[in-house]
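Q: Start from the sequences and build out the full structure, keeping to the hints where you can.
Just so you know, the protein sequences line up as chains A and B, in that order. Numbering-wise, the first sequence is residues 1 to 802 according to this note's numbering. Numbering-wise, the second sequence is residues 1 to 313 according to this note's numbering.
Check before you lean on any hint, since a few could be wrong.
[Stated by the list, open to error] Covered stretches of chain B (in silico footprint by chain A; criterion: 3 or more residues with CB under 8 Å from a CB of chain A, positions within the stretch not fixed):
{"id": "1", "region": "150-162"}
{"id": "2", "region": "217-228"}
{"id": "3", "region": "240-253"}
[Claimed, not checked] Here's a subset of chain B near chain A, in silico, CB distances under 8 Å, partners left out:
{"id": "4", "residue": "Val129"}
{"id": "5", "residue": "Asn145"}
{"id": "6", "residue": "Asp200"}
{"id": "7", "residue": "Gly232"}
{"id": "8", "residue": "Ser277"}
{"id": "9", "residue": "Ser285"}
{"id": "10", "residue": "Glu287"}
{"id": "11", "residue": "Pro288"}
{"id": "12", "residue": "Gln289"}
{"id": "13", "residue": "Ala306"}
{"id": "14", "residue": "Cys309"}
Please keep in mind that the hints were generated in silico from the structure rather than gathered at the bench. Glycine is no exception: its CB is placed at the ideal position from the N, C-alpha and C atoms.
Single-letter residue listing:
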Amino acid sequence: MHQDDSIQKRQCCPRNRNFAGPASSVSTPSSSSYRSGRTKLGNMLRLILTCLSVLVPFATTVRAEDPDFARDVRPILSDACYHCHGPDEDAREAGLRLDDRNAVFESGILEQELLERLTSEDPDLRMPPPDSNRTIDADDRTKLIRWLQSGAKWPQDDRHWAFIPPVRPSPPMVSGEWIRNPIDQFVLARLVDEGLAPSERADRVTLLRRVSLDLTGLPPSPDEVEVFLSDTSPDAYERAVDRLLASPRYGEHMALDWLEASRFADTDGYQNDRYRHMWVWRDWLIQTLNRNMPFDRFVIEQMAGDLLPDRDFMTQVATGFHRNHRINSEGGSIPDEWIVEYVADRVETTGTLFLGLTFNCSRCHDHKYDPIAQNDFYRLFAFFNNIAEAGLGPNNGNSPPFVPVPKSWPDLSDQERDFVEPEPVKIKVVQTSVPRPQPGGPETVMVLHELATPRETFRLIRGQYDQPDKTKLLSPGTPPVLGGWNAEWRTDRLGLAKWLVSNENPLTARVTVNRYWQHFFGLGLVKTSENFGVQGEFPSHPRLLDWLATEFIRTDWDVKAMHRLIVTSATYRQSSVVSSTLADKDPQNRLLARGPRKRLSPFAIRDAVLDASGLLSRRIGGPSVKPYMPPGIWSSVSNNKYKRDQGESLYRRSMYTYWRRTLPPPTMMSFNAAARETCTVRKELTTTPLQALTMMNNITFIEAARHLARRVLEEHPSDLRSQIGAAFHYVTTREATSTEIELLVADYEAYLDDFRSHPKRASQLLQIGDSKFKTVRNPNQLAAMALIANTLFNLDEAITEN
Amino acid sequence: MDPIKQFETRMTRRSLLGSSLGLGSIAAGSLLNEAPVFADFRTVAPKAKRVIYLFQSGGPSQMDLYDYKPELAKRYGEEVPTSVYPAERKTTMTSGQASFPVAPTRFKFARHGQSGLWLSETLPHLAGVADEICMIKSMYTDAINHDPAATLFQTGSVIPGRPSMGAWVNYGLGSENENLPSFVAMTSNGSAKQGQPLYDRLWGAGFLPGRYQGVKFRGQGDPILDLYNPEGVSRVQRRRMLDSLQQLNSDRADQFNDPAIATRIAQYELAYRMQMSVPDLIDLSDEPQSVLDAYGPQATKVGKYAYNCLLAR
Chain A
1 MHQDDSIQKR QCCPRNRNFA GPASSVSTPS SSSYRSGRTK LGNMLRLILT
51 CLSVLVPFAT TVRAEDPDFA RDVRPILSDA CYHCHGPDED AREAGLRLDD
101 RNAVFESGIL EQELLERLTS EDPDLRMPPP DSNRTIDADD RTKLIRWLQS
151 GAKWPQDDRH WAFIPPVRPS PPMVSGEWIR NPIDQFVLAR LVDEGLAPSE
201 RADRVTLLRR VSLDLTGLPP SPDEVEVFLS DTSPDAYERA VDRLLASPRY
251 GEHMALDWLE ASRFADTDGY QNDRYRHMWV WRDWLIQTLN RNMPFDRFVI
301 EQMAGDLLPD RDFMTQVATG FHRNHRINSE GGSIPDEWIV EYVADRVETT
351 GTLFLGLTFN CSRCHDHKYD PIAQNDFYRL FAFFNNIAEA GLGPNNGNSP
401 PFVPVPKSWP DLSDQERDFV EPEPVKIKVV QTSVPRPQPG GPETVMVLHE
451 LATPRETFRL IRGQYDQPDK TKLLSPGTPP VLGGWNAEWR TDRLGLAKWL
501 VSNENPLTAR VTVNRYWQHF FGLGLVKTSE NFGVQGEFPS HPRLLDWLAT
551 EFIRTDWDVK AMHRLIVTSA TYRQSSVVSS TLADKDPQNR LLARGPRKRL
601 SPFAIRDAVL DASGLLSRRI GGPSVKPYMP PGIWSSVSNN KYKRDQGESL
651 YRRSMYTYWR RTLPPPTMMS FNAAARETCT VRKELTTTPL QALTMMNNIT
701 FIEAARHLAR RVLEEHPSDL RSQIGAAFHY VTTREATSTE IELLVADYEA
751 YLDDFRSHPK RASQLLQIGD SKFKTVRNPN QLAAMALIAN TLFNLDEAIT
801 EN
Chain B
1 MDPIKQFETR MTRRSLLGSS LGLGSIAAGS LLNEAPVFAD FRTVAPKAKR
51 VIYLFQSGGP SQMDLYDYKP ELAKRYGEEV PTSVYPAERK TTMTSGQASF
101 PVAPTRFKFA RHGQSGLWLS ETLPHLAGVA DEICMIKSMY TDAINHDPAA
151 TLFQTGSVIP GRPSMGAWVN YGLGSENENL PSFVAMTSNG SAKQGQPLYD
201 RLWGAGFLPG RYQGVKFRGQ GDPILDLYNP EGVSRVQRRR MLDSLQQLNS
251 DRADQFNDPA IATRIAQYEL AYRMQMSVPD LIDLSDEPQS VLDAYGPQAT
301 KVGKYAYNCL LAR
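A: Right, here's the structure in full:
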């Protein structure tokens, strides 16, 4: 239950229509775009624009006075009218629906009545009525009126844009040296349209830091910076990108978005929140991303690896994806009710992650906005309603079906790669007669496995497990509005998976490239990356989105190639400095006239600090670890105790941190990690005082500060300025300016004086954290430098990609 | 007004707790008389300034306290019908029982006040103010386990994932002070060490944006995680560090023109003030004895229910 549109979109996340508003037709750009450009860029642009004035016929843009139905009109109707005049038959007022072209034309409302209803001052006539809690603001009302007056053009094929399979558009005919690949043609054409120019290229170090963090989650080492800077060949950047794509850190970092979307965790998530063992699936994920499995195969294996003709142990492990949902094991729960929950979670996760649709709405009633009937939900449900699973979990351990993992994992012999038939659910009455299935220990992993006889699926009235509509048995099927079903496919999960990644599927490729875009630019081309439905945002660059989606399919869903394409575009390489024009006109950078500037993920924040300190462990994969946690964090609210690890496990990458769903790591949560309760593909970013407290005082950050201090003291034994400069570089990947150095030198000296007067404080500070220094020759210097490191870790720049 | 100055002027314990932090076992407050932030969707002037919500997880049954059930006494010893207690709804605790007999309360009930409110003899003090109380007895759930029932209480659904009541209040009323948590949750350390878990999601934001979730004041260790400077670091040093941070961050803010940097600077200043103010805020030494007495002997014991109630006030 991640996004309830009816609430979130309408009131607190109004669709951003600013940039989807009527685009002006392409005309010669005003001179303002020259003035704002810097000299070199200005010249270049002039060249481009000269070309443009000749080549311009890419103007399929709409004239300002003609609101476009799909882009301008339907979003307003959807927001303000569909709740009572939309797809949900039960909620429909006056028998009128405004989401169906035929129904609208039959009603004749467009001829006169709608205009009256929009313009009347009579509260009994004016729409929407006051008690509907819906409003149309003046701009939108004007837009609708203009649309009616301009002939109310409602296209014959009026399907919502996202339900029509993408057709590969030709990149706009713009040219110029700035352009590096077709992405830039789409972006530049739009900028010209808006009278804007791209920003200059980011400086090389900034760019290397940006792309390293985006592809591997870690900043570049000083050596990597040096190699890059000394490579003066024209494709130095491309080579750096290829190195990063080949790094094993790539798979780890790219896995994180997927872990959050897949609601991966180490516990079951309800009442006692018992332990489960799914790290083998996480290992599979990291390996698979590093090996660049094509995305279509990636989806098929996770959705239906147990049903493939060439299935084996690895494709079985992949299906753990749809076992990552929460499982209840509390006595007194009704198994049938919880099986419904698990199956519904799979439908909703599939909907959000692959289709960008909020299916959870249609679990209880026909969707209020999208043409998804309640039956459509339960026909999808039927695909997943055949798993040989138990309604109650075993109360610690994996819940069946699960398979044993060979001890040699991940280095399996050929024989160990064979498909394994999971043992069926064996319900035992344990304890005081609570019926539970057999538990799978740490040497197992949960998988999908079909029942010999599928469960029957009915529509559940109001989504209630015990209220099936027995009048109609439902067979598995995909929502008719999305089309693309091939009658040759079996109506099982494998068929569903093939449909998801078929060329005819209108959504999966778009939704996926949009999430990649969000990864690199902070915001997707469709900002509502979880919702491509009628209530979602219209794309800022619809043709770019479709081009990327079709390019993804054309390249056989080559993920690394898509990532490479995005990060080698000139659009991505722009400086993220915000001109005052852009700050006003485009604060969120939807037009892409500058590069991305974004705060690091909670995981990357901790990893970068550990990396700078030299503490970070480079080991890949394996079971989750338990680093530092505030005292009593588990025991103060539950019967479980957090037994933290020691040694190397304290310094593993944050993606391996033990994830207890009901008590997720507070440091991660304060930096806006997803809670892993349900599928999450987009998170709000906040800036809070709690984050500042963490960065200043948390044991991990303080321990890292003293290690960074010792590192630079050892590397530059005699020169204070070099020590501070080196620390600055480890944290920010750039040379400090002399002003910055002098400021920090003054601080250092003040701290040193303090510690000389209070040497006990120095030793207290140097004791923080498990890792002890064996010998400390100059504790006061070390403590003073640790405070400098502490300062550096707290810089905005330390947790930001510029 | 500069939010930091605004914060500073408000940072007395009473005014902070009362008007902006509004702390309770679960509490949401707002500052509706200040510069409007949410004014655009306020069509009716709200009268509620804050909500203090006490959630007593565990404790004696309602039938022993205020829910008079004379029928139970009449049917003492009969089996509870399956229409009330379906066969499949058995908890870990009770599923071993061979029989489920009806058992009435052992306490005497009487009517109190002009309203004739039924209360048991276990609530003599409440009986004295019976006409001041609004008792709602129509709430029920068919969840028989603690966690789903607590989740229902807080979010309206037994399945976790929906916003908590506090998050809704926060979302609907808002706080016009953007720099302070407007929704604070406190858990009390009960006498039963092995209590039922109260997870953060009980004051979570569900599908609402994360900023609406409650900020937890802890009953153990630092009241707010990482509130205190590390051992060996003095407040003077921290001030110096913050000044430098501000200087260094401002230089970058000028260069990048990104308002996010200014926000971060402000949050650091706020954090610094919280380091000073929160300990003051939870220091009850200036409370008059009469108030402490009214809250009972545990009023000054950090993390106890009485202490949390006093803070919430």
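Q: State for each hint whether it applies.
A: Verification of the supplied hints:
no., hint, verdict
1, 150-162, "holds (count 4)"
2, 217-228, "holds (count 10)"
3, 240-253, "holds (count 10)"
4, Val129, "violated (33 Å)"
5, Asn145, "holds (5 Å)"
6, Asp200, "holds (7 Å)"
7, Gly232, "holds (3 Å)"
8, Ser277, "violated (11 Å)"
9, Ser285, "violated (24 Å)"
10, Glu287, "violated (25 Å)"
11, Pro288, "violated (31 Å)"
12, Gln289, "violated (30 Å)"
13, Ala306, "violated (18 Å)"
14, Cys309, "violated (19 Å)"
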